[in-house]
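Here is what each chain is made of, one letter per residue.
Number of protein chains: 2
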Amino acid sequence: MELQHFLLSLIVIYVSARVLGELAVRLGQPAVLGELLAGVLVGGSLLGLVEATQPLKLLGDIGVMLLLFEIGLESDLQSFLRVGKTAALVATIGVTAPFALGYLLGLALHMSQLQAVFVGATLTATSIAISARTLAELGRLKTAEGQIILGAAVIDDMLGLIVLSVVIGLAMSGTVSWLEVGWTAGLAVSLLIAAILVGTRYAHRISRLLSLMHVRGSLIVASVTFALTLGYLAGLLHLAPLVGAFAAGLVLARTEHQAHIGDAIKPVADVFVPIFFVLVGMAVNLRLLNPLQAENWPVLFLAGGLAIVAVLGKLAAGLGVAGGKTDRWVVGIGMLPRGEVGLIFAGTGLAQRIIGEGEYGAILLVVALTTFLSPILLKWRCARWRPLSPSA
Amino acid sequence: MELQHFLLSLIVIYVSARVLGELAVRLGQPAVLGELLAGVLVGGSLLGLVEATQPLKLLGDIGVMLLLFEIGLESDLQSFLRVGKTAALVATIGVTAPFALGYLLGLALHMSQLQAVFVGATLTATSIAISARTLAELGRLKTAEGQIILGAAVIDDMLGLIVLSVVIGLAMSGTVSWLEVGWTAGLAVSLLIAAILVGTRYAHRISRLLSLMHVRGSLIVASVTFALTLGYLAGLLHLAPLVGAFAAGLVLARTEHQAHIGDAIKPVADVFVPIFFVLVGMAVNLRLLNPLQAENWPVLFLAGGLAIVAVLGKLAAGLGVAGGKTDRWVVGIGMLPRGEVGLIFAGTGLAQRIIGEGEYGAILLVVALTTFLSPILLKWRCARWRPLSPSA
Numbered sequence: 000m001e002l003q004h005f006l007l008s009l010i011v012i013y014v015s016a017r018v019l020g021e022l023a024v025r026l027g028q029p030a031v032l033g034e035l036l037a038g039v040l041v042g043g044s045l046l047g048l049v050e051a052t053q054p055l056k057l058l059g060d061i062g063v064m065l066l067l068f069e070i071g072l073e074s075d076l077q078s079f080l081r082v083g084k085t086a087a088l089v090a091t092i093g094v095t096a097p098f099a100l101g102y103l104l105g106l107a108l109h110m111s112q113l114q115a116v117f118v119g120a121t122l123t124a125t126s127i128a129i130s131a132r133t134l135a136e137l138g139r140l141k142t143a144e145g146q147i148i149l150g151a152a153v154i155d156d157m158l159g160l161i162v163l164s165v166v167i168g169l170a171m172s173g174t175v176s177w178l179e180v181g182w183t184a185g186l187a188v189s190l191l192i193a194a195i196l197v198g199t200r201y202a203h204r205i206s207r208l209l210s211l212m213h214v215r216g217s218l219i220v221a222s223v224t225f226a227l228t229l230g231y232l233a234g235l236l237h238l239a240p241l242v243g244a245f246a247a248g249l250v251l252a253r254t255e256h257q258a259h260i261g262d263a264i265k266p267v268a269d270v271f272v273p274i275f276f277v278l279v280g281m282a283v284n285l286r287l288l289n290p291l292q293a294e295n296w297p298v299l300f301l302a303g304g305l306a307i308v309a310v311l312g313k314l315a316a317g318l319g320v321a322g323g324k325t326d327r328w329v330v331g332i333g334m335l336p337r338g339e340v341g342l343i344f345a346g347t348g349l350a351q352r353i354i355g356e357g358e359y360g361a362i363l364l365v366v367a368l369t370t371f372l373s374p375i376l377l378k379w380r381c382a383r384w385r386p387l388s389p390s391a
Numbered sequence: 000m001e002l003q004h005f006l007l008s009l010i011v012i013y014v015s016a017r018v019l020g021e022l023a024v025r026l027g028q029p030a031v032l033g034e035l036l037a038g039v040l041v042g043g044s045l046l047g048l049v050e051a052t053q054p055l056k057l058l059g060d061i062g063v064m065l066l067l068f069e070i071g072l073e074s075d076l077q078s079f080l081r082v083g084k085t086a087a088l089v090a091t092i093g094v095t096a097p098f099a100l101g102y103l104l105g106l107a108l109h110m111s112q113l114q115a116v117f118v119g120a121t122l123t124a125t126s127i128a129i130s131a132r133t134l135a136e137l138g139r140l141k142t143a144e145g146q147i148i149l150g151a152a153v154i155d156d157m158l159g160l161i162v163l164s165v166v167i168g169l170a171m172s173g174t175v176s177w178l179e180v181g182w183t184a185g186l187a188v189s190l191l192i193a194a195i196l197v198g199t200r201y202a203h204r205i206s207r208l209l210s211l212m213h214v215r216g217s218l219i220v221a222s223v224t225f226a227l228t229l230g231y232l233a234g235l236l237h238l239a240p241l242v243g244a245f246a247a248g249l250v251l252a253r254t255e256h257q258a259h260i261g262d263a264i265k266p267v268a269d270v271f272v273p274i275f276f277v278l279v280g281m282a283v284n285l286r287l288l289n290p291l292q293a294e295n296w297p298v299l300f301l302a303g304g305l306a307i308v309a310v311l312g313k314l315a316a317g318l319g320v321a322g323g324k325t326d327r328w329v330v331g332i333g334m335l336p337r338g339e340v341g342l343i344f345a346g347t348g349l350a351q352r353i354i355g356e357g358e359y360g361a362i363l364l365v366v367a368l369t370t371f372l373s374p375i376l377l378k379w380r381c382a383r384w385r386p387l388s389p390s391a
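Protein chains in written order, with numbering that gives the first Met the number 0: chain W, 0 to 391; chain R, 0 to 391.
No wet-lab data here; the hints were simulated from the structure. All figures in this text were calculated on a predicted structure; none of them were measured in a lab. Using N, Cα and C, we set each Cβ at its ideal position, and we do this for glycine too. Each hint should be verified, as a subset may be incorrect.
No more than 27 Å apart at the CA atoms, straight line, and that leaves these computed lysine-lysine pairs for DSS-like [said to hold, decoys possible]:
| hint | chain 1 | residue 1 | chain 2 | residue 2 |
| --- | --- | --- | --- | --- |
| 1 | R | K265 | R | K56 |
| 2 | W | K324 | W | K84 |
| 3 | R | K141 | R | K84 |
| 4 | W | K84 | W | K141 |
| 5 | W | K141 | W | K265 |
| 6 | W | K265 | R | K265 |
| 7 | W | K56 | R | K265 |
| 8 | R | K56 | W | K265 |
| 9 | W | K265 | W | K378 |
| 10 | R | K265 | R | K378 |
| 11 | R | K378 | R | K141 |
| 12 | R | K56 | W | K56 |
Some chain R residues judged to face chain W by a derived CB distance under 7 Å, without partners named [claimed, not checked]:
| hint | residue |
| --- | --- |
| 13 | Q3 |
| 14 | H213 |
| 15 | I219 |
| 16 | L227 |
| 17 | A263 |
Pair by pair, the computed Cβ-Cβ distance ranges are [stated by the list, open to error]:
| hint | chain 1 | residue 1 | chain 2 | residue 2 | range |
| --- | --- | --- | --- | --- | --- |
| 18 | W | L208 | R | R352 | 49 to 55 Å |
| 19 | W | R207 | R | L108 | 56 to 62 Å |
| 20 | W | Q53 | R | H213 | 48 to 54 Å |
Pulled out of the complex, with its shape left as it was, chain W reads as follows:
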């Protein structure tokens, strides 16, 4: 019966994602927006058709890893490194500005120091998945803007690691061991870079090995395994597994099998990816949005304030782009969506009783709002923005 339940959930997810995704496209919006709305629709706050069970979550996690793997596979490491400095600057502003603004807002609302730090921290990390998927749909992933957003989002994830160590240290012991924080972050970054360098060096050899295999499907299974392995290693270093999967894609992008792997990974990603986005949509709790319920007012008020701060902070990050040809607005908008990392922060804060249900709910709303806002704004901006920088 467990299987039957699982099958039914998958069927509901696929049908709703497909129908609303198609509808979104007809209305001139990215399909990902439809998939997110499908999640809201079938999730607990509306129809309650699907529960976010552990197997579904794991499939969704694999889905977002495959999405980033595919994006890495279609990226060019060279052009990616070329925008590296800009991306680093965008990421730094994009972490610092929302953090500072969120912290100040917290203090203004009479939170404790620790609470304000926590709330600021939840606003820092960009969710790569939403923007990457939207840009891919709009065909803008390979523009300078697309590369900057991707790069900045990856760096964001590493900065997020630092922020998390600091905040958890503060919450646990009231002090921060900067040595330990530096060590953790340094290790993570160096190992990731090492993986890409070593991988790139030996990619051709791995690739030749693959050509020798007789069993059908060797190439696709080996590629997926490689993505999962780097994802697992990233996880060991407390980075998001999808960063590792992205690195795996970058490595394999430099082999002669790149096109073959790309063709084979597409349908696999198509099957896994919608699960992720529908689950993200399912996490939205519409009840918190009901303005008729007086107890929601403080939450809505806090959410409104945090949302303004969250949006302004990331739009400011777009100003980190120095060049004249690149559209700063696209970069800023692309950095808007908050996701998993923010939710992990908020969840930790709630578990440690640093923030309460109200703050947690407000942060959930901000994550939801930025997640839904970004695809719409990106689509709108890209329609007006003539791609002066077709290739990074």
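Starting from the known structure of chain W, fit chain R onto it as the hints suggest.
For chain R alone, coordinates are given in the frame of chain W:
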């Protein structure tokens, strides 16, 4: 951390399946044999690297459904129906003979009537997955023999449903309501046939609808959803979900998208299918096979007897093939593997305290033996057997 654990399990499964699958092919054996052995290796009775957790089992179940969907997609309903009578005869003998022999063996070993009925019942149902995969690897799926095996295995599953209803009825109340049994079985069979007929009739319309979709991956997601839906319906009728998925493949085989769907489903199946076969291998408990442990002797003795009966019974089914050109041995060998259904019977018997740990262990061994034996024998027989009947 749960995700990390899941990723590690998947990595171990893929690497071991690929390495041992490749080794099997080099040694002139089907890859599926290597994947089964990979399961034995990484499972609890040897290295203990992977546990058969629920998410993995669900992925494996989806895998075997996709395998059968793909096989259905490559089948031709017409040629499938052409061997229908032969397949029905093979299935009938293949269910009756092992049941009768197992029942008599049980009585000879001083089992109770009910125990003997139960043991006989566990020997009836053929596992489609092993033979279908092996025949596909050997390129013999589309021969008359391949079509007969597939058809007989599907009919087996329906006959198994009847046997299960009877046996459970006996176990629960000591009596059998033949009316109810007939009703359940009749409903299942008619609805399955209806699904194929209606599906075939409207396949072109569904297919035209798909062509209108704009979102990337619509075709593959819609096809997978269709397979999952028919699988779910089959499950509702207490048939194996993979029978439904197979029917879905048969239906879509008759649309103009057949080739496209086939191309897209291949890598998806490649990613899911090994999980199923590795899990099957993991279920083998090697400790029961240790002849140095005296307490294993009765189990081994019973297993030996049941194995002989199980093999003879299904080989006899091959005699159901009347034609002169068709290789009866291939059909008989193809029907050998017992699988999920036998295990479900045995598990039910154990839970109802009809059979004990010893009988259960012996049945597990028979399932393992027939599962490993069939690919080896099929490969051997097919190497000698010149395909006089290239197309059914």
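Structure-based check of each hint:
1. K265/R with K56/R: holds (20 Å)
2. K324/W with K84/W: The hint holds at about 16 Å.
3. K141/R with K84/R: holds (17 Å)
4. K84/W with K141/W: Given that 27 Å is the threshold and the Cα spacing comes to 17 Å, the pair holds.
5. K141/W with K265/W: holds (17 Å)
6. K265/W with K265/R: holds (11 Å)
7. K56/W with K265/R: holds (24 Å)
8. K56/R with K265/W: Distance ~24 Å between K56/R and K265/W Cα, so the pair holds.
9. K265/W with K378/W: holds (23 Å)
10. K265/R with K378/R: holds (23 Å)
11. K378/R with K141/R: holds (16 Å)
12. K56/R with K56/W: holds (15 Å)
13. Q3: holds (5 Å)
14. H213: At 5 Å from the nearest chain W Cβ, H213/R passes the 7 Å test, so the hint holds.
15. I219: holds (4 Å)
16. L227: Nearest chain W Cβ about 5 Å off; hint holds.
17. A263: holds (4 Å)
18. L208/W with R352/R: 49 to 55 Å: holds (52 Å)
19. R207/W with L108/R: 56 to 62 Å: 57 Å Cβ-Cβ, so the 56 to 62 Å window holds.
20. Q53/W with H213/R: 48 to 54 Å: Distance hint for Q53/W, H213/R is violated at roughly 33 Å.
Consistency note: the structure conflicts with earlier hint 20 alone.
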